[in-house]
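Chemist: The residues making up each chain are set out below.
Protein chains: 2
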Amino acid sequence: MTLVIALDLMGGDNAPEVAVEGAAIARARFPDLRFLLFGDEAKVRPHLAKHPDIAAMEFVHTSEFVAGDAKPSLALRQGRQSSMRLAINAVKDGSAAAAVSAGNTGALMAMAKFVLKTLPGIDRPAIAGPMPTSDKTAVVLDLGANVDCGVEHLVQFAVMGHVFARIVTGVADPKIGLLNIGTEDLKGSDEIRSAAAILRSSSLAGAFYGFVEGTDVTKGVVDVVVTDGFTGNVALKIAEGTASMYSSFLRTAFRSDWRAKLGYLLAKPALDRVRTRLDPRRYNGAMLLGLNGVVVKSHGGTDAVGFGHAIGAAVELVRAGANERIIEEMTRMAAQDSSAPAAAVG
Amino acid sequence: MTLVIALDLMGGDNAPEVAVEGAAIARARFPDLRFLLFGDEAKVRPHLAKHPDIAAMEFVHTSEFVAGDAKPSLALRQGRQSSMRLAINAVKDGSAAAAVSAGNTGALMAMAKFVLKTLPGIDRPAIAGPMPTSDKTAVVLDLGANVDCGVEHLVQFAVMGHVFARIVTGVADPKIGLLNIGTEDLKGSDEIRSAAAILRSSSLAGAFYGFVEGTDVTKGVVDVVVTDGFTGNVALKIAEGTASMYSSFLRTAFRSDWRAKLGYLLAKPALDRVRTRLDPRRYNGAMLLGLNGVVVKSHGGTDAVGFGHAIGAAVELVRAGANERIIEEMTRMAAQDSSAPAAAVG
Numbered sequence: 005m006t007l008v009i010a011l012d013l014m015g016g017d018n019a020p021e022v023a024v025e026g027a028a029i030a031r032a033r034f035p036d037l038r039f040l041l042f043g044d045e046a047k048v049r050p051h052l053a054k055h056p057d058i059a060a061m062e063f064v065h066t067s068e069f070v071a072g073d074a075k076p077s078l079a080l081r082q083g084r085q086s087s088m089r090l091a092i093n094a095v096k097d098g099s100a101a102a103a104v105s106a107g108n109t110g111a112l113m114a115m116a117k118f119v120l121k122t123l124p125g126i127d128r129p130a131i132a133g134p135m136p137t138s139d140k141t142a143v144v145l146d147l148g149a150n151v152d153c154g155v156e157h158l159v160q161f162a163v164m165g166h167v168f169a170r171i172v173t174g175v176a177d178p179k180i181g182l183l184n185i186g187t188e189d190l191k192g193s194d195e196i197r198s199a200a201a202i203l204r205s206s207s208l209a210g211a212f213y214g215f216v217e218g219t220d221v222t223k224g225v226v227d228v229v230v231t232d233g234f235t236g237n238v239a240l241k242i243a244e245g246t247a248s249m250y251s252s253f254l255r256t257a258f259r260s261d262w263r264a265k266l267g268y269l270l271a272k273p274a275l276d277r278v279r280t281r282l283d284p285r286r287y288n289g290a291m292l293l294g295l296n297g298v299v300v301k302s303h304g305g306t307d308a309v310g311f312g313h314a315i316g317a318a319v320e321l322v323r324a325g326a327n328e329r330i331i332e333e334m335t336r337m338a339a340q341d342s343s344a345p346a347a348a349v350g
Numbered sequence: 005m006t007l008v009i010a011l012d013l014m015g016g017d018n019a020p021e022v023a024v025e026g027a028a029i030a031r032a033r034f035p036d037l038r039f040l041l042f043g044d045e046a047k048v049r050p051h052l053a054k055h056p057d058i059a060a061m062e063f064v065h066t067s068e069f070v071a072g073d074a075k076p077s078l079a080l081r082q083g084r085q086s087s088m089r090l091a092i093n094a095v096k097d098g099s100a101a102a103a104v105s106a107g108n109t110g111a112l113m114a115m116a117k118f119v120l121k122t123l124p125g126i127d128r129p130a131i132a133g134p135m136p137t138s139d140k141t142a143v144v145l146d147l148g149a150n151v152d153c154g155v156e157h158l159v160q161f162a163v164m165g166h167v168f169a170r171i172v173t174g175v176a177d178p179k180i181g182l183l184n185i186g187t188e189d190l191k192g193s194d195e196i197r198s199a200a201a202i203l204r205s206s207s208l209a210g211a212f213y214g215f216v217e218g219t220d221v222t223k224g225v226v227d228v229v230v231t232d233g234f235t236g237n238v239a240l241k242i243a244e245g246t247a248s249m250y251s252s253f254l255r256t257a258f259r260s261d262w263r264a265k266l267g268y269l270l271a272k273p274a275l276d277r278v279r280t281r282l283d284p285r286r287y288n289g290a291m292l293l294g295l296n297g298v299v300v301k302s303h304g305g306t307d308a309v310g311f312g313h314a315i316g317a318a319v320e321l322v323r324a325g326a327n328e329r330i331i332e333e334m335t336r337m338a339a340q341d342s343s344a345p346a347a348a349v350g
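Just so you know, the protein sequences line up as chains A and B, in that order.
The opening position of the first sequence corresponds to residue 5 in the working numbering, with each subsequent residue numbered one higher.
The opening position of the second sequence corresponds to residue 5 in the working numbering, with each subsequent residue numbered one higher.
Please note that a few of the clues may not be correct.
If chains are identical, the list can't say which one is meant, so a pair holds when it fits in one copy or spans any two.
DSSO-like cross-link-like pairs, simulated, lysine-lysine; straight-line CA separation at most 30 Å [said to hold, decoys possible]:
1. Lys140 x Lys223
2. Lys223 x Lys272
3. Lys272 x Lys140
4. Lys75 x Lys179
5. Lys75 x Lys223
6. Lys179 x Lys140
7. Lys96 x Lys75
8. Lys191 x Lys96
9. Lys47 x Lys75
Rather than coming from a laboratory, the hints here were simulated on the basis of the structure.
Extracted from the complex, chain A is given alone in its bound form:
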């Protein structure tokens, strides 16, 4: 079945080249994919020239785009004709099944929330993304949409993350952990402890592992890591930064003398497998979860391979009916809550 994805071609550090090349990569993987392209025609044309199949697809010209450092509220007011906004509008009016952008995250969230509205039962959308762990890929949310989170938001993130993990990581019965500074019941803020109490007595009780610490996340103790947007954003960027520091120390070490250089050449095939395993481009594509529509945010600094992965994530979410499944799980939880004895909600 043909699937139409709206692409904001003008977001990210190397727009529009990365988006066009990424579209070509995604199309090689999903041949029945069609794109609805939004961007500045003069800037995009040279890149489209290399891909006649994509150049033949529907193109909507706009000279406006959202700057990477634009204030979200300002972008929302002034960016009504921006490539980002038009791509989101296409999801709203049904001409596309999903939108993908590598632009300003805050503006994308503000626009998507304004245009698409949240799903029933969801107060605030969250940004969810994959993160490598020692034996699998975990889903972490929120990655930065909500600086402060109340109890009910954390619970809603758990529901959405549970659905997202099943689709993106393919785990049949994902375990959910609440990120905390210790695993004992008394650790953390009141919000976190209350969220844990609610999850323990909810329809997700079987999937709820409990509190996890930072080291548990990388060990892969759980499949879904629930946290507020401030902590999640810091955690993701500290993990990225640490991995990149480690790589750079290794590069220096392997160049330090002839023995190390030769050693590197011999070990290269094995080391390349590690590099592939941890390649940040494989973990590109954060979803704006909880909206009436699928919107995927690509990392602004990624390359075409990474942008292609973000499109791939959008395709998987649409095909798996992510939003329908979130609504189902919210309904199940609400039913369980209303039938549960009040004391158990604690």
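Since chain A is already given, all that's left is putting chain B on it; use the hints.
Modeler: Only chain B this time, still in chain A's reference frame:
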């Protein structure tokens, strides 16, 4: 000059062996060091037998100790004769210049705060620790003592971290960053933005870099990373977990076939330098900053080398007059604040 350090021998995963062996390592580095030892004599004696110089030092027997999972408030009430509490008491009554423990962090903080009280101008003590970055060692605080932090706490952490960094990392003019989810002025919580405004118009204005993201921390953009105890704890443990995941992937890669094994042998000297650079034991020894006395927390899972580093950190803090310098800087800041025009503070 002889320096006396009180040691809680009963804290941590491999007590008391790690503490005794760590003491021996520290003494080899600082020959004029003396210890005041607190622990269960029957359990400690076999380990002291190997180190007659340490066995000859003052030993205070107690069969009580604080369990690793004890609730801090309970440990405070019931652990008055514990090895941890007696070591802190020794700092209070002047028989030791500092205390070192690898035990329960929450209990150590609760006891130290109760016994020693906070320094003038400091509302809440913080846990500060070193963290490796690509070109230096940064100091991060708070690492978990304060789950929720107000504006004034973050400002006080900046003052304490600035002093701590000069002593521990030897940087003459450390740069201070406030951990945030973006570097733009409008990012983050009200508390963080207000703390930034106060620091910009304070006596520390020259040292204040502004907001830093997770990736800036590992890049070494600043020397002092200020954050609340929840975020700091998660950041530290995510960094540890990521580094350890990376190492374990590498180990597997180097064992995967004969080429990789041979490559490893050739590159080993160069790789060992990276390993040494990132050895978590080198970063062991978090200080409980802001107390009337020097108390250092060793990681509970470290070995003798790590415990020795924690003792070394205590020695450096005492010799450098860390607390006197914190008081000086707080006084300077208070003087500047009262002379500053009110509008500049906002």
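Chemist: Hint compliance check: list the failing hint numbers for this structure, sorted ascending.
Modeler: none
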